[in-house]
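Visitor: Here's the letter readout for the chains.
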Amino acid sequence: MRRFALIAIPYAWLLALFLVPFLIVLKISLSDITLAIPPYEPTLDLSAGWEGLKTFFSGLDFENFTFLTTDDLYWKAYLSSLRIGAISTLITLCVGYPIAYGMAQSAPEWRPTLLMLVILPFWTSFLIRVYSWMGILSTEGVLNQFLLWTGLISEPLTILNTPTAVYIGIVYTYLPFMILPIYSALEKLDISLLEAAEDLGCSRLKAFWLVTIPLSRPGIIAGCFLVFIPAIGEFVIPSLLGGSRTLMIGKVLWEEFFNNRDWPVASAVAIILLLILIVPIILFQRNEQKQREAEG
Amino acid sequence: MQHKLTGAAAALALLAGAAGAEEVHVYNWSDYIDESLLDKFEQETGIDLVYDVFDSNELLETKMLAGGSGYDVVVPTGTFLQRQISAGAFQKLDPSKLPNRENMWDVIQERTEPYDPGGEYSINYMWGTTGIGANVGEVTEALGEDAPLASLDLIFDPENMKKLSECGVHFLDAPTEMIPAALTYLGLDPDSKDEESLEKAEEVLLAVRPYVQKFHSSEYINALANGDICVAFGWSGDILQARDRAAEAENGVEIVYNPPKEGALMWFDQMAIPTDAPNPEGAHKFLNFIMDAQNMAAASNYVYYANGNKASQEYLNEDVIGDPAIYPDEETLDNLYTVTPFGPREQRTLTRMWTRIKSGT
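Going line by line, the protein sequences match chains F and C. Numbers 1 to 296, taken from our numbering, label the letters of the first sequence in order. Numbers 1 to 361, taken from our numbering, label the letters of the second sequence in order.
For the record, the hints were derived by calculation from the structure and aren't laboratory data.
Among the chain F residues that face chain C by a calculated CB cut under 7 Å, a handful are:
1) Ile37
2) Pro39
3) Lys76
4) Ser244
5) Arg245
6) Leu247
7) Glu255
8) Phe258
9) Asn259
10) Asn260
Computed cross-link-like contacts, SDA-like style, restricted to lysine to any residue with a CA-CA straight-line distance of at most 20 Å:
11) Lys285/C <-> Pro99/C
12) Lys92/C <-> Leu35/F
13) Lys310/C <-> Glu110/C
14) Lys251/F <-> Thr361/C
15) Lys214/C <-> Gly227/C
16) Lys214/C <-> Trp254/F
17) Lys214/C <-> Thr361/C
18) Lys214/C <-> Thr139/F
Counterexamples of contact, computed for chain F against chain C with all Cβ distances above 12 Å:
19) Ala8
20) Trp13
21) Leu19
22) Leu60
23) Val142
24) Leu143
25) Tyr167
26) Asp190
27) Arg204
28) Leu205
29) Lys206
30) Leu275
31) Gln291
It should be emphasised that the depicted structure is a prediction, and the values quoted were computed from it without experimental measurement. Every residue, glycine too, gets a C-beta built ideally from N, C-alpha and C.
Chain F extracted, bound-state conformation (with noise of 0.2 Å):
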């Protein structure tokens, strides 16, 4: 019994916060549009009894995906939404290794301040982190006026409404979510498999390759996962800090939704999203639980 609600709960979790929305935006990408409350149609009538459980799944079909082939809009935008996430990913990677490196190989009455610093930038609103960055990257910017008065260019560099300025923001904001994981697994590292390794003839930077990083991998994984995902439905940075020809996925599917009023056609775009992501995610676990078997 007890194990029984052991096992319950997260299954409980991933129902309703998971599934039972996933079905209702599932639902609303089989209906079709119409000018009502809500703006879709057909709407489940329970109180018509068998009848309306007919009409309603009679009325469901798969138009709004086919539309989604039609016009290249859609798939270019998931293209240049996974590329801006992948390399926005990679670049976040290689800044936040070396910082939880560097947490990690701090003296132990340090780390608490360190991490404390990191979370730090949660305190504030993230709206008002992303404004500031505008404030930074304008050619009028801090950044520009402080280039120039180096004398390091000559002209203000146009960075705001460029996808650098995309990049830039992206990798700020989830640079914590890389850093933590990454920071708890070299933590767990054994100093003594280091020394063993030392002590067998390795350099210390082979050492570094051989021993840290593959222990370290989870946290590589897990920090890429929570940088990744949320990278490519991106909304707020890009149109905050990109220029209108940063396309995304996040900003085609707010269109769809505020201002075609297509609520079907958005629910389409974010199920297609939802599979981009989650398909991948699914394989990848499997493998990884098949390799650790092999270990095993």
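Keeping the supplied structure of chain F fixed, place chain C upon it in accordance with the hints.
Guide: What follows is chain C alone, placed relative to chain F:
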């Protein structure tokens, strides 16, 4: 002691709130009222006014179509209002509760007829035009003394735009404003929605696209006032705000607003009561309060937009009623056009076209 007293008063007010004092929830555009009017309403009626703001019609419409917004009074623009009425989002007004309705201006009533025939569902709050804001100094420097400040040639002729791109041009990020303007430039009906006309409008916009620094619906106020850009195609009151800010800052920037002489879009923000409003009784009281001549005049004097209230005109400041950019003369008024909403399929074509114009995809 003073503090203690106000503290006690606040506690009492809280208690009263907990006891279920009457509330009215109003959802209006940001920076769109003289806030002292809100206190005045509370004092006159004893109703608690909960005032909340939005900044895009799309946002409001999504809330209306989702239902259960909890608002008693909302302020959509005419074309959006019309569509939301047909979706069943609003309730009919009860004329017996709106005695101040006799203050309203027949000219504006007539113009809003297509959106809400007979004014059954809404009253006019403010109205304005969409036109050209220009930094006189920089534009004449770029184009010479005879620069067409009041003509669509300024923003749709690639030759002019190429020169203006040096000092910066912003367009509204709103296809329902930009496409009618492009159609007017071509001499076509600004309300055309057939694909052929829309394609012609797209060509006009694509030709000047490379010279547009940004498509945005509010940043141009500051950008114009600071001198970061020299031309913006935007809403009348916003550009007038930029003009006043620049004048206050004494930064040497002189902004003028002109409705295009080829014809300018005239828009109306209408107050309406959602079907599922929790307190329609209080909502009617609020509408009646707003239609009071002095109250409406106070609002217009504060936000520099014209209103649809004839009786309020005697209370308007001279720099509002006397400014042809706010209250156009007869001739300009005849030159203003209105548009009707896009249907779902047409809207999709429009949004898609807009994405293509902005992003090149």
